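S.K.: Sequence:
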Amino acid sequence: MTWDDLDARLAEVPGTVSAYVARPGAAPTWTRRADDTHYAASTMKAAVLAALHRAADTGTLDLDTPVPVVNDFASAQPDAPRFTCDRNYDNDDAVWARLGDRAPLRWLAHRMIVRSSNLATNLVLAHVGLPAVADVWALAGARHSVTGRGIEDFAARDAGITNLVTAADLGALLGALATGATRPGPLAPPAACAAMLDVLAAQEHREDLAAGLPPGTRIAHKNGWVRGIRHGAGVVFPDDAPPYVIVVCTTTDPDNGPGDEDACQLIADVSAQVWTARHDL
Numbered sequence: 001m002t003w004d005d006l007d008a009r010l011a012e013v014p015g016t017v018s019a020y021v022a023r024p025g026a027a028p029t030w031t032r033r034a035d036d037t038h039y040a041a042s043t044m045k046a047a048v049l050a051a052l053h054r055a056a057d058t059g060t061l062d063l064d065t066p067v068p069v070v071n072d073f074a075s076a077q078p079d080a081p082r083f084t085c086d087r088n089y090d091n092d093d094a095v096w097a098r099l100g101d102r103a104p105l106r107w108l109a110h111r112m113i114v115r116s117s118n119l120a121t122n123l124v125l126a127h128v129g130l131p132a133v134a135d136v137w138a139l140a141g142a143r144h145s146v147t148g149r150g151i152e153d154f155a156a157r158d159a160g161i162t163n164l165v166t167a168a169d170l171g172a173l174l175g176a177l178a179t180g181a182t183r184p185g186p187l188a189p190p191a192a193c194a195a196m197l198d199v200l201a202a203q204e205h206r207e208d209l210a211a212g213l214p215p216g217t218r219i220a221h222k223n224g225w226v227r228g229i230r231h232g233a234g235v236v237f238p239d240d241a242p243p244y245v246i247v248v249c250t251t252t253d254p255d256n257g258p259g260d261e262d263a264c265q266l267i268a269d270v271s272a273q274v275w276t277a278r279h280d281l
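The opening position of the sequence shown corresponds to residue 1 in full-length UniProt numbering, with each subsequent residue numbered one higher.
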């Protein structure tokens, strides 16, 4: 299957399917609607992770100092009431089990990624701040992505404040982490970038990009999903080829488009196709 064949297949999917494939730090090998914006879902958590490590690098925050685990957050909409997370909408009971206690930011960031905990995300975001996340997107070279609010900040959502990503911008962010792990880059020192990749590689939700790879293949990735949305963004580290960045974002009609299981399979199929071309990217 050629890139044109793959593009033609994705064009048949109802809705918007965006893709980005590149070697870290290089021009992309293949893109499809890579600058189209999508609701970010949980992919924005990768940028929050980078903002946290940048704050730790400057000494603003200590990753290992325990902070209060609360479920009470300021809205991004001025003058709106404070908001809370819904435990039934989260993916990680471990963070909720610490409610009313304390936990290190490093642990919260880990749960934010590997289990995609919304409560952990809002706790980390409350400490780093939205401007720090905006700085991450800018430093990575992102052009269209915005992190305007926390998870479940419905007052901000209703006021039009949202979280957006593009496949190209997610690719730029993941590529910056990958190149930054081997040489000084714009986001963080190599040790911090390597640590972030390790967290992303520990991701436990592996039903999309990772499902298209041979078992045991290292992939540092973050996915995101809500009804009608399924994205996967990661860096794949083959044993027999240089690493590559792959991003697939899907936005479909939640009532008439493919369901989440089908979207996962679609992303896995794209991942498998890119894997077969890994030597020639």
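Treat the hints with care, as some may be off.
Derived CB-CB ranges, DEER-like [claimed, not checked]:
id, residue 1, residue 2, range
1, A8, G141, 26 to 32 angstroms
2, Y89, R143, 26 to 32 angstroms
3, F154, T58, 29 to 35 angstroms
4, P78, A138, 19 to 25 angstroms
5, T16, A159, 36 to 42 angstroms
6, A138, D158, 25 to 31 angstroms
These are calculated hints, taken from the structure and not from any lab test.
Note that this is a predicted model, so its numbers are computed, not measured.
A virtual CB, placed ideally from N, CA and C, is assigned to each residue, including glycine.
S.K.: Could you run down the list of hints and mark each one as holding or not?
M.R.: Right, here's what the structure says about each hint:
no.	hint	in the structure
1	A8 <-> G141: 26 to 32 angstroms	holds, 29 angstroms
2	Y89 <-> R143: 26 to 32 angstroms	holds, 30 angstroms
3	F154 <-> T58: 29 to 35 angstroms	holds, 32 angstroms
4	P78 <-> A138: 19 to 25 angstroms	holds, 23 angstroms
5	T16 <-> A159: 36 to 42 angstroms	violated, 24 angstroms
6	A138 <-> D158: 25 to 31 angstroms	holds, 27 angstroms
Checked against the numbered hints above, the structure breaks only hint 5 and satisfies the rest.
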